[in-house]
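Please assemble the complex out of the two chains, which come individually in their own frames, going by the hints.
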Amino acid sequence: MSKTNLTRRGVLKSGAVAGAGVALPTIFTASSAAAYTNEPTGGTVTLGFNVPQTGPYADEGADELRAYELAVEHLNGEGDGGMMPTFSSKELQGNGILGKKVNFVTGDTQTKSDAARASAKSMIEKDGAIMISGGSSSGVAVAVQGLCQEAGVIFMAGLTHSNDTTGKDKKANGFRHFFNGYMSAAALAPVLKNLYGTDRKAYHLTADYTWGWTQQESIAAATEAMGWETVNNVLTPLAATDFSSYIAPVLNSGADVLVLNHYGGNMVNSLTNAVQFGLRNKQVNGKNFEIVVPLFSRLMARGAGENIKGIVGSTNWHWSLQDEGSKAFVKSFGTKYGFPPSQAAHTVYCQTLLYADAAQRAGTFNPCGIVEALEGFEFDGLGNGKTLYRAEDHQCFKDVLVVKGKENPTSEFDLLEVVEVTPAAQVTYPPDHPMFAGGALGTCNPGA
Amino acid sequence: MFGLNKKDSALLLLVAILTMMAPFILNPFPTDSGLAQFNAGYPDLMQRFVIFGIFAIGFNILFGLTGYLSFGHAAFLGVGSYSAVWMFKLLSMNILPAVILSVIIAGLFALVIGYVSLRRSGIYFSILTLAFAQMSFALAYSVLTPITNGETGLQLNLDDARILDPVNDSGSLPVTSLFGLEMRSSFDLAVGPWDFTFSVGYYVCAIFLLLAFYLAIRIFRSPFGMMLRAIKSNQQRLNYTGLNPRPYTLAAFVISGMYAGLAGGLLASMDPLAGAERMQWTASGEVVLMTILGGVGTLIGPVLGAGLIKYFENIFSKINDTVLHGWFSFLPDGIEDFLVTIIHPFVGKGWHLTLGIIFMLVVTFLPGGLVEGGQRIARLFRGKKTKDGADGAKTEPAE
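The listed protein sequences correspond, in order, to chains U and L.
So for the first sequence, numbering that gives the first Met the number 0 puts the first residue at 0; every next one is plus one.
So for the second sequence, numbering that gives the first Met the number 0 puts the first residue at 0; every next one is plus one.
So that you can see chain L by itself, here it is in the shape it has in the complex (with noise of 0.2 Å):
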């Protein structure tokens, strides 16, 4: 299917299968059950696992291929979300031109950027990339508010031009949509207990994602992957024999430039403000984080780990001690104070801890990532039978 061979089009099937059903699929427990705090099935968590999810794909291009470690991305998520978010201010609420005007400046930003950066390899070229991004965070941040809104962040008003849209006088914003299709309606489905949300911005957000994973598939399949790959294995051997790679890891930089762009715009897109700390620095070290967790180098890894990440910030940074409380509270007065004191430092606020554990544990005993602890979970439950079966479906690290 689309030129792929069997195991790629089995993959995009599975992501396919896993973004369309995800609103089911992220919303096991019953509304009213106590175990309703670990749903994830509401549009914005979701819109947010998949435009993260495109970030890392894009990421894990330049980082999983050339073994360029990048630590100013966010600059481009950034970039993409205040051009979207000035379209939306001048042109018009279609999320159409705010995305496409999104992925070129990032992808202008990223040549600039990538073409100074990648003189240098290795460390250096981490710091130059870290110096940019905290370049234009500052600029953001102070030197350029008339075009970001320092701190506030850029937002919509009622007075802006929007020159291709109707007047607007019902004195509220107008809210963006895909052809007059509105990002944030949705639809409702009550099953028994539980209850589904389908919103449209999600479903805008999926498809975009499954083209980006589909474009990354034919990248990584590509001759031009391959001379990624090169790159990563032995930049010298390559020097030797007369290639001269800077030209692919700058291209693969802009193409990843390009996709963070793109998070950014969608980002916007759902929810049209910009604000500076999109671009510091630890933005770009979560982007780092998710795909190591999921996986470098692997297809689907970094999607897994873009949901984690976004999974605990969300889910887990909510549970507080009245939450606890309410779980505990069969147990007997002073065994359950004690459950919830010892609790308490992983959850809420402290979720960051949490998920430095978890990054720990992978790092030390998966370094291949999830996608690695899927394998050998895969492996253990038919890996005895055909010895040679495990290698036919894993996904393989570049390195």
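So here's chain U without its partners, still in its complex pose (with noise of 0.2 Å):
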């Protein structure tokens, strides 16, 4: 079918070339001098923020640049300072961090794991960043700290709330301060006890990632240990818009709580979706129609209009909280940008914080340094009150919100009431939870 022409000489030929090729790379595999991956030498250092700026969580996203940028203004000693005045570790100085000024590079998730690494990978490799943070859903948060883990930066997660970023996906090098789907739950149950008893039937919509999957087991766990029965649990696809389909078979299912393992815009399309089937006017079983939706945020709650009204979540932070920090950072921000922050942007303001005074305490840049003065580090006046780094998964312990939609708003932003404080003691549990098992943090990786 094809010439062939194979000579002696041109197989010789090749052959040498071929050889030459393969033993080319062997030539660069000096690694360099530095101590660790990135090691800033100059006068600046820099933070990379990667968040998503397109998709369905681009809301969030956008939030949490801003605190960010607020954040690398506070530490360079710009602006009022925000929470750095009430913060519990009066390390920093306003003078960046351990003295070098704080720069920030910015990139895109997508939403998707590939590219979320891809854009990570740019900013440690081109733009020498010493830490990444950000990620607004768990699976590219899970996708990121295995890349930071691999090539020796820290990661400090922004909104993720699958048990798995710290359970079985857990990682030396990567920290996570928000909550996650078993505090929810821990928090959660007591009220839904509370305000819709202990017979009910409870049927879930859920997104199916592993943030879904772990939320959704948690509140199961929860609830049915209170007496609840679990009568159905539906995957919905992350992408899915409309839901129409999977509201309609919960009215014949028996089922009166509809439990929303949904966030950003897909909770905001299928809670739509289940007030115009008309659920919350029902009476099933005797008893009202439930909507429970375990994770709010005001973003979403803003999104989904009047239909929020009266729905129970719980939330990791909220701006209407009257302790220092929180009105210093609420203050801040809106000054800053005409309106309050959400809870992401909270979180990530906080992980950037505790990001630099880990670096000034333990007066280096080096990861392993930075995980020995975060691990089992206590602090308190960012907003959640007394709050511990655990030393055994990198999860923060606090309290946690349980809100409800406000039926009165004042204002646009006014849109949740915080209906209890869990206290950090109800929501901690064991770092061999079952929940949480099947994961090995690993060592310290400084890379280089």
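FYI, nobody ran anything at the bench for these hints, they're computed from the structure.
Where a beta carbon is used, it is the ideal one built from N, C-alpha and C, also for glycine.
Just so you know, nobody snuck in bad clues.
Far from chain U, some chain L residues (derived; all Cβ distances over 10 Å): (1) Lys5; (2) Ser125; (3) Leu307; (4) Gly333.
Straight-line alpha carbon distances no greater than 25 Å define the calculated DMTMM-like cross-link-like pairs of lysine to aspartate or glutamate that follow: (5) Lys335/U / Asp320/L; (6) Lys89/U / Glu377/U; (7) Lys281/U / Asp241/U; (8) Lys405/U / Glu305/U; (9) Lys286/U / Asp198/U; (10) Lys281/U / Glu305/U; (11) Lys335/U / Asp336/L; (12) Lys348/L / Glu72/U; (13) Lys89/U / Glu371/U; (14) Lys348/L / Asp126/U; (15) Lys335/U / Asp332/L; (16) Lys403/U / Glu419/U; (17) Lys335/U / Glu335/L; (18) Lys348/L / Glu68/U; (19) Lys88/L / Asp392/U; (20) Lys167/U / Asp159/L.
A few chain L residues facing chain U, derived, Cβ under 7 Å: (21) Pro42; (22) Gln154; (23) Asn313.
Dropping the structure here:
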């Protein structure tokens, strides 16, 4: 079919060229002399903020970016300092981190693991970022956390609520300030019991990825423990925008509670569909039909509009909190941008401050030094009360807020009211809890 | 050289020089200058350039030669990635078995999909491949979660089997390597204000690209390639002469699927993670764009197109307002803000917009893609001297 014209000389020549080609890369194996990946040598240090700027979580991403900019401003001594004065650790001086001015680069995760990793890689390899933060989806957070572990930089997780981030996919170089599905369930269960009683049949609609799975598992376990029955759990694709076909079967299932394990745009759409189907006005088994959204945020509440009223869920932080830290942060954020911050903005702001403070206390940017400084670190004044960064799984333990959609909002931001502040002790679990088992932290990796 | 004529040897040599010198070529600006933003010579992006170059070369064997437009090629890329990561999990961190398996699996996959899809041609073929790719995506995304780990993507774990590798008790994940040569190791060369990074992973990919490119030249110039061109120009005439074109198209489909599998395997070798979105229709569309942007049916076009798109995705998307303000800070405030507002929609998350405009311009004014642009420039310089000189050096589009 094709002429091959093999000659002895041709084969030898080809072989020699190919051999030289294969041998070429071996010349370049010398590793650099730095003590750890991207050791900052000049007068500046670069942080990488990797958030979704497009896709279903773009709203959260935009708010995160605002908070990052604010945090960098405060670290460099500009603006009013935000939560730095209220933070229990007083190491930060407002002169950057360890005397180096803080720079930052941004990237778009597109809420896709691949794109997020490419973006994080370019920050590490091209821009010399010493820390990566961000992520508004647990899938992305888990993927980027793995990358940072391999590359030898610190990952400060943003908005990620899956148990796996600090459970089976936990990594030594990764830290999470945000709470998780288990904590939501532990905080919500007693409130649900008071509101709706112990004899309920729950129907779950769950976003089909790590966060949805683990949150559903947590909620089902916690509600079943107080006597509820889980009728059904239906997985919905993350990319879905219309949930009518998932809502219709709920009506005939005999369930009297609908649990929406959805977030962002997903939740706005599924809740709207559920309300359109008249679920909230229905009587089933002689009881009012109820809807529960375990993870809430103000941005979602705004998207859902009227439909959110009276619906119960949990949140990491809310701008109406009256402690000194929260007030300082809301004031600082509001002055710069003209509206209050979301929980996503709050958690990434805290993460940036916590990283800077850890570097300051450790006296180095070496990831292993940072890990040591953050493990078992207890702090206060960042808006969540006393908080512990647990050494065993790098998860923060703090109070969890149970919130409800406000019946009579006074402004377009005043959409949620805090029903209960669940103390940290009630949501704490042992590190080897079955829902978090199966992974290993490994050891810190300084790279290079 | 290697059984190629002079013109093709020169082309191969050119590609070889370009890929081997890429760390220099792609880092033209000193590290501290403002233009360093446009440097693309860091390992991850260089690897993407050559890997997607391989992907596009393979796609071009099908689309450029036979004219069959597949809208589902990303499925093979994804399948290749998943196979490679599974090899890393089960067998060894050596990339060779991983890449070999990904090529084989992608080939088998292409055989099945091709066998069904090639019963139709034209738009029906495109839709069939698109449907298969979306099915694969849905399978990877939710149905086959135990194999693919769904939306999170398949990743390595500390407790994976890796039966050929020594027991790993270091507490950190092993890294991919080629017989001990770590893919992520690199060497920095500082020349004055410039900083050049030579990465092992990149050179391994570059060698694969050269092999893939060489194979593509041989296919283009072979009687088999001629047959494929015949299918593109007039399939009916071929039927009337008593030739059955289907085995040829199927072979081309499988070969290009194997190229995609190779690209997927390499992608996973450089960064051991496989995500379902690699198989989404947008990813399939991207390779069509790459090929058309570079020049359909030309040898080097797809590689150039792949480079351009990846450059936009990774460099333009990172220009944010802060960077823009930095550029124009020498201007008075009002003008600075005005310029930033004007440029803002085209950079950062708006990079798709810029790419779309470029794509539109290229398709309108240079139907032969970037290669045609290059040829026109070349003709401008010497076309008047010798009348047939331009013919000699140009790479001919198939149609």
